[in-house]
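Asks: For chain C, the structure is supplied; the task is to place chain D on it using the hints.
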Amino acid sequence: MTPKIKRAARVLTAHVDAPLLSATLLLMALGLVVIFSGSNQSLPRVASQAFNMLVALGVMYAFANIPPHYLMRIALPLYVLGVLLLVGVALFGDVLHGARRWLYVGVTRIQPSELMKIALPLMLAWYFEHHATTLSTRNYLIATVLLIIPVALIVRQPDLGTAVLISAAGCFTLFLAGMSWRIIVGLATAGLCAIPLVWPMLHDYQRQRILTLFDPAQDPLGSGYHTIQSTIAIGSGGIFGKGWLQGTQTRLDFIPERTTDFIFAVYSEEFGLMGNLLLLVLFLLVIARGAVIAGTAPTPFTRLLAGAITLTFATYAFVNLGMTSGVLPVVGVPLPLISYGGTSLVTICLGLGVLMSIQTHKKLVQS
Amino acid sequence: MPELTINSGVELRNSRLEIHRFRQRLAIASGVVLFIFVLLFARFFYLQVIQHKHYNTRAEANRISIVPIAPSRGIIVDRNGVPLANNYSAYTLEIVPGRIDDIEALIDDLATVIEITPRDRRRFKRLVEESRGNASLAIRTRVSEEEIAIFAANRYRFPDVEINARLFRQYPQAEMFSHVVGHIGRINQSEVGQLEAEGRYANYRGTEYMGKTGLEQSYETNLHGTTGVEEVEVDSGSRAVRTLTRSAAVSGNNLVLKLDAKLQEAAYRAFGEHRGALVAIDPANGGVLAFVSKPGFDPNLFVDGIDPASWKDLNDSIDRPMVNRALAGTYPPGSTIKPYMALAALTLGKRRPEQGINDPGYFRLGDHTFRDQKVGGHGVVDMYKSIVESCDTYYYQLANDLGIDNISNFLRVFGFGSHTGIDINGESAGILPSQEWKMRRFKQKWYAGETISVGIGQGYNAFTPLQLAQAIAAIASDGVVYRPHIVDYIENSVTRERTTVKSQPLRTLDLKPEHLGVVKQALVGVNREGTGARVFAGAQYVSAGKTGTAQVIAIKSNEKYVESRVAERHRDHSLFVAYAPVDDPKIALAVVVENAGFGARAAAPIARQVLDYYLLGKQPAALNPPQGPR
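Going line by line, the protein sequences match chains C and D. The first sequence begins at 96 in the working numbering and counts up by one. The second sequence begins at 158 in the working numbering and counts up by one.
Think of the hints as simulated: they come from the structure by calculation, not from any bench. Note that beta-carbon positions come from the ideal geometry of N, C-alpha and C, so glycine has one too. One thing to keep in mind: the hints can contain errors.
Unchecked claim - Here are some of the chain C residues that sit facing chain D, going by a computed Cβ distance under 10 Å:
#1 Ala247
#2 Phe270
#3 Cys288
#4 Ala389
#5 Ala409
What the hints assert, rightly or not - Some chain D residues well away from chain C (every beta-carbon gap over 10 Å; in silico):
#6 Arg182
#7 Ala186
#8 Ser187
#9 Leu197
#10 Arg200
#11 Val206
#12 Ala216
#13 Val285
#14 Ser408
#15 Val651
#16 Val681
If we strip away everything but chain C, and leave its shape as in the complex, we get (with noise of 0.2 Å):
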C-alpha cells in the first residue's frame, strides 16, 4: 500500500514547484497573520481571506497541471475576449465608486482587466513565438499595438492601477523578446511627450494623487491623509516594529484601507524594518525562482510568459511598497499575497501556476 501512496502523491505533486509553493504559503501566512491585527481582529475577515487562499491555491493547482502548450492555443481566443469584454464594459458596464469597471454578465459581474493581466502577456508570448524566425520592427510594433488597445480601454474606465500594471506586464514581455534599444527609447521618448496630451484627459483624482506625491502636506486630509499616515505608521514603526497587535497607528483607525491597499504600513508599523526585509526575502525568492525558470525555459513562448509573470509579480509588489512608503502615487495595487481580497490573490495565483506549469512541464518538451 505504502509505494502505492507514495506514487499517487508523486503523481498528484508532478507539477507542482516546491520552492515556489514554500515561498507563496509563507506570504500567505503573513498575510492572515496581518489581517488580523489590521481588521481589528476581526476572525471571519481572516476566515473569508483564508478560504480565498484555498480558491486561489486550487486555481494554482489546476494550472501548473495545464501543458504550456494548451496555454498557446488559447492565447488568440483569450485575449480577443478580454478585448471584447473591455469594449462592453466600456459600452454598458456598472459604475461603481465613480468608475466604469464591472461587466454584467448573466449571472454575476466580472472585471473584465483583471482577465487582460495574464490575457495580454499570453497573447503577446504567444505572438513573438510564432513568429519567432522572422522578427523584425514591424513585429515589435504590432506587439505594441496589442499592448496599447486593453491599455487604453483600461486606462478610459479609469483605472489607472491596473492600467500601470497591464502595460508594465506588456513592456516587460517586448523588452525581453528582444526589442531593440533604438525601439524603446523611441517609444520612451514618444511616451514622454505624450505626457502634456494624457494629463488633461486624467481624472482630477488621478491628477491630485500625482500631484500630492510631490507634496503630500499640501492636502493633508484629502488625498495626502492616506500617504502621510502611511508613513507615519512605518516609520513609527522602528527597527523591530510594536508589536503584533499593537500597532497605535493600526488600531486607532489611522491607516485607511488597512487590510486591502495599505495593509503594508500595517504590517511594518508592528513589525519594523526587521520584519521588512523579511517580507523583501521572500519576494525576491518568489521573483528568483520565477527569474530561473524563465531563464531555464524552452520555447520562447514560455521564456517570454514565465519572464513577463514573474517581472509583473515583482511590479506588483514594487509598486504597492512604494506607494505605501509615499515613493509612488496612490494607485489603488493590492500587495501581492498579502492583501485581503480573491481577484488579485486568484490572478497571481494563477501566474504562479503557469509559471509551475512551464517548469514541471520541460522535461516532456525536451524529451
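Replies: Relative to the frame of chain C, chain D by itself:
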C-alpha cells in the same frame, strides 16, 4: 512545415541567438528588480531608523489628546448657608462653528427636531462673534431629558451636533443679589489676553466662563479652582478610546458671606417700586449685612450668554438696572452730613454744644441768601436741635466759620471721597470738595459761597451709599473705621479649611468721647422727637438716625422747590442713615431712594423696616409700600 528541414541550421542558430538575447535581457531586468528592492529597503531604513523619532512623535501626537477637565466653580452662600450662586448640571446641544459650512442651514434643520427659539439663535450668533478659537458653542442649553430622547432618535442626521452635560451657574435669588454676587460670563478675547499676561491662562484651558462683576469677579481666583488634565487615546475620528492618565480637577473654594439673605430680601422688598440703594454694615467689624441696588437684573441671563435683545433692554432702560448704585452711584449727602459737621465743629473748637444761634430762616453771605427749609426759621438753635430738626441755617453759618479745607480734612478720615476698599470692584470714590480739588478739577479758585452749601450736604460733594454707611458705622463704633467686606470667610473645597477675610480697623479716629456723645445723643433725638420720630414711633429698640434730602437740580435762591412742579426724575433724592441699638450697635445703614422727596418720607421707612427685621425679626409690611411716585 515542408521548409523545416532546409532551414533547420539557420533556425538553430536563430534559436541560440534568441536564447542568449533573452537571458541577457532577463539578467538586466533581474538586476533592475534587485536594485529597486534595495532602494525600497533604503527607503524603509530611512523611515524606520533615521526618521524613526520624528514619526514616532507624530504617531503619539495622533494618538494622544490632552483634555482639560474644568473644575466646578465654588459656590456662594450667605451667613446662614442660603445659596446665592450654585451649580447645576444640564444638557446642551453644541456645535463647533469652524467645522460647519452652512450654520444657518444646520440650525434650521435642527429646529425641525428640537425647539430653537429666536432668542437661542440670537444668543448663539453673539457667542460665535465672541468665541475664541475652535470652541464648541451651545445652540441650545438646558435641554430636557425628553428633548434629548427626541434628538437621540435623529442623531444620525446631525453628526456635527454634540450632546454635552455641563455645569451651569445658577443664581437662585435672581435680581435681589445681582449687584453684590455679580455674575459670570463667557471669557472674551481681552480677558484671554489678561489671563495670559498674568500667567493664569493654562488653568483656564477647560473653562469657558469667568466672573464678570461683583463677588464672582473679585474672588475669581478663589472660586475658579484648579483645572485637571486627562490624557486620552483617540482614534482617527477624534473619538476618545480610553483614558491614559488623569489628574482630577480641584473644585473652586466656596464663599461664605457676612451678608444676610433674609435681611437683603427685606431691604429689597422695602424699596417697593422705588429706585435706590441700601448698605447695612455691622459696626463691630465692617461686615456688610445687606447690599441693595435697585432695580437689579436677572444675572441668570448672562450664564449661557445673554441674547442681544435682553442686553439692549438692560442697557437702554431709563432705570439703568446695570448700574450698581450702592457701589458706584454718587449722591449729594444732603442733611445726613450734619452730624459730621457738628463733630468737626466740636473737635476743632468752633462750637460748644449748648451754644445757640438765632435762625431767621436764611443765611446771608454778601448779597447771596441761603434759605432754610423751614419758612421763618427754627428760632434759637443749639447743636442738639440743629441735628434733631435739621436746621440748615446753623450749618450755613458753621460751614462759613470752618472753611472748606477744614470740612474736607475732617470728613476725609470718615472715608468720604475715597475708596472704601470693599471686596468687589467698580467702586466710585465720590467727590469730597476742597480748594485743591477745585483747582485740580476746574482750574478755578474756590469761592467762599460754595462752602455754604457744602455745609448742608449740597454743592459739589457726592458720596456713594457705601461711604455713607461706612461713615455712620464709624460713629456707631465710636470712631473706629472698618474696611467694609462682604465675604466672611473662604472655605477650601477639599480641606474645609476657612480663610477669614480680615476685618481689622482701617483707623481709629481721634475723637473725644464727650463730643461723640453729643452727636450720638442728637441722632437718637432725631428718631425720638425729630425728623425721624413719626417713622420710628413705637420702635422696640432705641435707634439713632439722620434724614437727608439731596437736590437733583439747583433751585434758584428766590424760588421754592415745589415737588409737583418738578419732573419725576428731577425730584429730590431721599436719604437716611441710622444705627441701632444705640447702646450696643448691631447694624448701621445708609439708604438712598432716588427722586422720592424728603428723607423722612421714603428713606426712613425703609430703614425702619430693615432695622425691625434685623433686630426683631419682623417681616416688612409688604402690603403697605411706602408712598411715592411710580
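Asks: So, for every hint listed, does it hold in this structure?
Replies: Here's how the hints hold up against the structure:
1. Residue-level restraint check for Ala247 of chain C is violated (minimum Cβ-Cβ distance to chain D is 25 Å; threshold 10 Å).
2. The restraint placing Phe270 of chain C at the interface with chain D holds, with a minimum CB-CB distance near 6 Å, inside the 10 Å limit.
3. At about 23 Å, the closest approach between the beta carbon of Cys288 of chain C and any beta carbon in chain D exceeds 10 Å, and the interface hint on this residue is violated.
4. Restraint check, Ala389 of chain C versus chain D: the minimum CB separation of about 6 Å is within 10 Å; hint holds.
5. Restraint check, Ala409 of chain C versus chain D: the minimum CB separation of about 5 Å is within 10 Å; hint holds.
6. Distance check for Arg182 of chain D against chain C: the nearest CB is about 5 Å away, which does not clear 10 Å, and the non-interface claim fails.
7. Listed as outside the interface, Ala186 of chain D is inconsistent with that label: its C-beta sits roughly 6 Å from the nearest C-beta of chain C, within the 10 Å cut-off.
8. Residue placement check: Ser187 of chain D does not keep its beta carbon more than 10 Å from all beta carbons of chain C (closest about 5 Å).
9. Not every CB of chain C is more than 10 Å from the CB of Leu197 of chain D (nearest about 5 Å), against its label as outside the interface.
10. Against the 10 Å criterion, Arg200 of chain D falls within the reach of chain C, whose nearest CB is about 5 Å from its own CB.
11. Consistency note on Val206 of chain D: stated as away from chain C, yet its beta-carbon is not over 10 Å from all of that chain's, at 6 Å minimum.
12. With a least beta-carbon separation of about 4 Å from chain C, Ala216 of chain D fails to lie farther than 10 Å from that chain, contradicting its non-interface assignment.
13. The beta carbon of Val285 of chain D sits about 23 Å from the closest Cβ of chain C, which is more than 10 Å, so the claim that it is off the interface holds.
14. With a minimum CB-CB distance of about 33 Å to chain C, Ser408 of chain D clears the 10 Å threshold, and the non-interface call stands.
15. With 10 Å as the threshold on Cβ separation, the claim that Val651 of chain D sits away from chain C holds: the shortest Cβ distance comes to roughly 36 Å.
16. Distance check on Val681 of chain D: its Cβ is at least 80 Å (rounded) from any Cβ of chain C, clearing the 10 Å threshold; non-interface status holds.
In summary, the numbered hints that this structure violates are 1, 3, 6, 7, 8, 9, 10, 11, 12.
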